[in-house]
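Q: The residues making up each chain are set out below.
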Amino acid sequence: MAPITLSHEEFLKFREFFYRKTGIQFEDSKRYFVDKRLIERIEATDSGNFRNYFITLRFETSGQELQTLTNLMTVNETYFFREEYQFKCLVSSILPEITALRKKQGPIRIWSVPSSSGEEPYSIAMYLLEYWPGINLWDVEIISSDIDTKIIAQARRGIYSDRSIQHLPKNLLEKYFHYNGEGYQICDDLRQAVEFTKVNLMKPSDVRGYREFDIIFCRNLLIYFDDLSRRQAADTFYDALNPGGFLCLGHSESMSRVSSLYQVRKFSDAVIYQKSMEAQ
Amino acid sequence: MAFIKKQPEKVIEQCERKRERNCASFELQLSDPNPTARRWAARDLADCLDSSAALVAQLLREQNSSVREIILTTLTKLGDEVAVAGLVNCLRSEDAALRNEAIEAMKMLPDEVAPIMSQLLQDTDSDVRIFAVNVLESLQHEQVEEWLNEVIEHDAHVNVCATAVDLLGEVGTSYSWEALENLKARFPDEPYISFASDLALKRIRGS
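Respectively, the protein sequence lines represent chains A and B. For reference, each letter of the first sequence is one residue, going 1 to 280 in our numbering. For reference, each letter of the second sequence is one residue, going 281 to 487 in our numbering.
Hints in this document: simulated from the structure, not taken from any laboratory. Among the hints, a few may not be true.
[Stated by the list, open to error] The calculated BS3-like cross-link candidates involving lysine-lysine, where the alpha carbons are at most 27 Å apart (straight line), are:
| no. | chain 1 | residue 1 | chain 2 | residue 2 |
| --- | --- | --- | --- | --- |
| 1 | B | 387 | A | 104 |
| 2 | B | 285 | A | 88 |
| 3 | B | 387 | A | 198 |
| 4 | A | 30 | B | 286 |
| 5 | A | 13 | B | 285 |
| 6 | B | 357 | A | 203 |
| 7 | A | 30 | B | 285 |
| 8 | B | 286 | A | 13 |
| 9 | B | 387 | A | 21 |
| 10 | A | 150 | B | 285 |
| 11 | A | 104 | B | 285 |
| 12 | A | 150 | B | 286 |
| 13 | B | 285 | A | 203 |
| 14 | A | 203 | B | 464 |
| 15 | A | 21 | B | 357 |
| 16 | A | 88 | B | 286 |
| 17 | A | 103 | B | 286 |
| 18 | B | 285 | A | 103 |
| 19 | A | 13 | B | 387 |
| 20 | A | 36 | A | 150 |
| 21 | A | 30 | B | 387 |
| 22 | A | 175 | B | 387 |
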């Protein structure tokens, strides 16, 4: 049987479809990456060729195959305490400001998206326990979301390689992890501290319930989006944040060319974006 | 530890119960007194293919910038003829913020804006022609340089040509040499045109 290949037109057709569904845009340079994964799924589903597979992808009511393919197409590379300066900013500047201005009861709510395999939300939880005295006074709710259901399952298991934990201080590794033969597993208390959920930021029905957050971490995701999808994400975060809420982006990302809804806050540790206190 | 958990889905259910959810109801909610409801209506209308007219109408009367931004995002996503015509109409607005927002939205619609670009660049209002050149500033379309050349070769208004020549300094190639030389000849008494044309030529030759 002849090997399965994709024509340029088929690649373009898939790229457009996948972009509309997920907001993720593949440049021409990613052709090999995309082809490899598409062919893998064409074979796994016995579709025989791209045309048959694409029909399944488009019209399957359950959306299961689209989810499987999305899981394969997303990049999930991160590690504990990545861009730590923002966590420093969180405990030294952002949280003190939020708690000082807080008028209502209820927990401080943090949304970390994308969760990837959990390194970021668990880092936030660890950082709060270690470096923020306010954790003894305030309830904190950490919700972490991703479009990739497989990676969410991995995040819930919380088992990590040497590479993931390489930047963790040794005392924290010893305190919060144990080696289980397969890797370093994060302790149950921390695993239970984070709620993992599946979210496609481009789907209004997915994000409708995500509201009243004080802080959102969305780092190194917007770089994979095109201008319009970035704008949609910015709009979504705006409604997810409380007035005065903070949005933390990756070091190479900026909100200034994406949306005019946020104010830039320059703290000593990091530049963070803030929804106006007066926002309705 | 003081970490707690609450399922976001519970909040979703509460929100879903509150309002009807179809295209007609979203259009009605565009005029809800609550800006959050208007933002959500504008966002939900992205799935309603015939909603551009309602969105454009709301855009023109909407005072809240956060609602306007989401209306513009949805119009950009829809990108149909009504949406593009609505954005073009905003270029004629007295509201500078709205004009700039429309320009930013149009920059994200290269394929949809391209068919009307020549027409925009020949608009009777020189301000609209300047805004059209502003759209070209980061429009990812292969005809950008060609359109700019049309402007500097034929537009009679010095400010329109000045805007175009500034941009040619960034995006121009040897294809624009002749048009730039001709521009200087067309406006011999305008020192800025000479200066900007020479600068563009220098940048092009140096690149």
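Q: Now look at each hint and say whether the structure bears it out.
A: Verification of the supplied hints:
1. B/387 <-> A/104: violated, 42 Å
2. B/285 <-> A/88: With a Cα-Cα distance of about 24 Å, the restraint between residue 285 of chain B and residue 88 of chain A holds, given a limit of 27 Å.
3. B/387 <-> A/198: violated, 32 Å
4. A/30 <-> B/286: Violated, because 39 Å separates the two Cα atoms, which is more than 27 Å.
5. A/13 <-> B/285: violated, 41 Å
6. B/357 <-> A/203: Holds: residue 357 of chain B and residue 203 of chain A sit about 13 Å apart, inside 27 Å.
7. A/30 <-> B/285: Between residue 30 of chain A and residue 285 of chain B the Cα gap is close to 39 Å, so the pair fails against 27 Å, i.e. violated.
8. B/286 <-> A/13: violated, 40 Å
9. B/387 <-> A/21: holds, 22 Å
10. A/150 <-> B/285: holds, 21 Å
11. A/104 <-> B/285: At roughly 18 Å apart (the allowed maximum being 27 Å), residue 285 of chain B and residue 104 of chain A satisfy the hint.
12. A/150 <-> B/286: holds, 22 Å
13. B/285 <-> A/203: The hint holds at about 23 Å.
14. A/203 <-> B/464: Outside the cut-off at roughly 52 Å; violated.
15. A/21 <-> B/357: Given pair residue 21 of chain A, residue 357 of chain B holds - Cα atoms ~12 Å apart, limit 27 Å.
16. A/88 <-> B/286: holds, 26 Å
17. A/103 <-> B/286: holds, 21 Å
18. B/285 <-> A/103: Roughly 21 Å separates the two Cα atoms, so the pair holds.
19. A/13 <-> B/387: holds, 23 Å
20. A/36 <-> A/150: Within the cut-off at roughly 19 Å; holds.
21. A/30 <-> B/387: It holds: about 24 Å lies between the C-alpha atoms, which stays within 27 Å.
22. A/175 <-> B/387: The given pair, whose Cα atoms are some 52 Å apart, is violated under the 27 Å limit.
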